[in-house]
Amino acid sequence: MTDTSDIDGDVWVTPRYLAGSAANVDPALKPLFDLGFDRHNDEYGNLYLASPDRKIRLGFLPEGEDDGIWRITAYQDPFAAPAWGVCFNDTAPTELVTAFTTALAAAYTAGPDAYLHNGAHQNRFTAVAPLLNQGWKLPYTGSGSALALRSPDGMAGLEYATGRLDPAQEITTLQARWYMEGGPKGPRWYATASTGTPVPLVAAVTTALADPAPVARWDSFLSSLLRTHVQLTPVVPPPPPAPTPLDVHRRSGTRPRPALTTTSVPRWSTSTRPGAVRR
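Heads up: the sequence shown begins at 12 in our numbering, then just goes up one per residue.
Don't take every hint at face value.
To be verified - In the DSBU-like style, the derived pairs of lysine-lysine whose C-alpha atoms are separated by at most 35 Å in a straight line are: (1) K196 with K41; (2) K196 with K148; (3) K66 with K41; (4) K41 with K148.
Hints were generated in silico from the structure; no laboratory data involved.
Hey, can you work out the whole structure from these sequences and the hints?
Written as structure tokens, this is what we have:
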């Protein structure tokens, strides 16, 4: 039976790309906390992390200027322009962010060649393959000059821009090399990654996006718009352990009698003789 003691939610949501963000963002921050990233909050409650060498920075910006609540950038030099940037908005499934920060922590541990390798020179198919393996459709004509995929239900998608892009706009706008989104009509979640983002980091996100496993959410937090498009299954807590005899006696207010041991009562066997009776 699955242990649900540490699950943050009371319902399982399928598909995960329609689950919205989770109430608890700690799992997305923990991989970088574990590496000793410096952290501080501003007066508005936004959180900023920086690697010890200042070459990776993360902003968790619930009070930011727009809905780009997660912004992660990497630098060849701490004082240079970003080598790459990734953004998740405020309704993106938190599992996607966690997948990215987990992969980023592993890449940072491996060294600069892993987290600063220019994604433009890597095989982009490795980031698309997880979606194709789950039945996402290719080709699909997206907006502008882009190659795009759609989920089987049409509720989520990925676009890979094939034309030339402005490096600065890739970091600050939705005009990025990689664009993922999901949800019914109306406000949708999105995630972006610029051209230089190492493909293995993008692949970590698409792998999480394609994962058919449900994710846990609090039922009361799910929007009515999403409810009509998802499957909800209660998170069933494990049964309590069976009471021990001591528990039973404690509840009844009595004290348990000591158990008899094999030496408590004399026992005879056919191989021994009783001792002589003293007079």
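We went through each hint and held it up to the structure:
1. For the suggested pair K196 and K41, the alpha carbons sit about 33 Å apart, so the restraint of at most 35 Å is met.
2. Under the criterion of a C-alpha separation no larger than 35 Å, the hint pairing K196 with K148 is consistent with the structure, at around 19 Å.
3. About 18 Å separates the Cα atoms of K66 and K41, which keeps this hinted pair within 35 Å; it holds.
4. Restraint check for K41 and K148: satisfied, since their Cα atoms lie roughly 34 Å apart, inside the 35 Å limit.
Going through the hint list in order, the structure satisfies each hint without exception.
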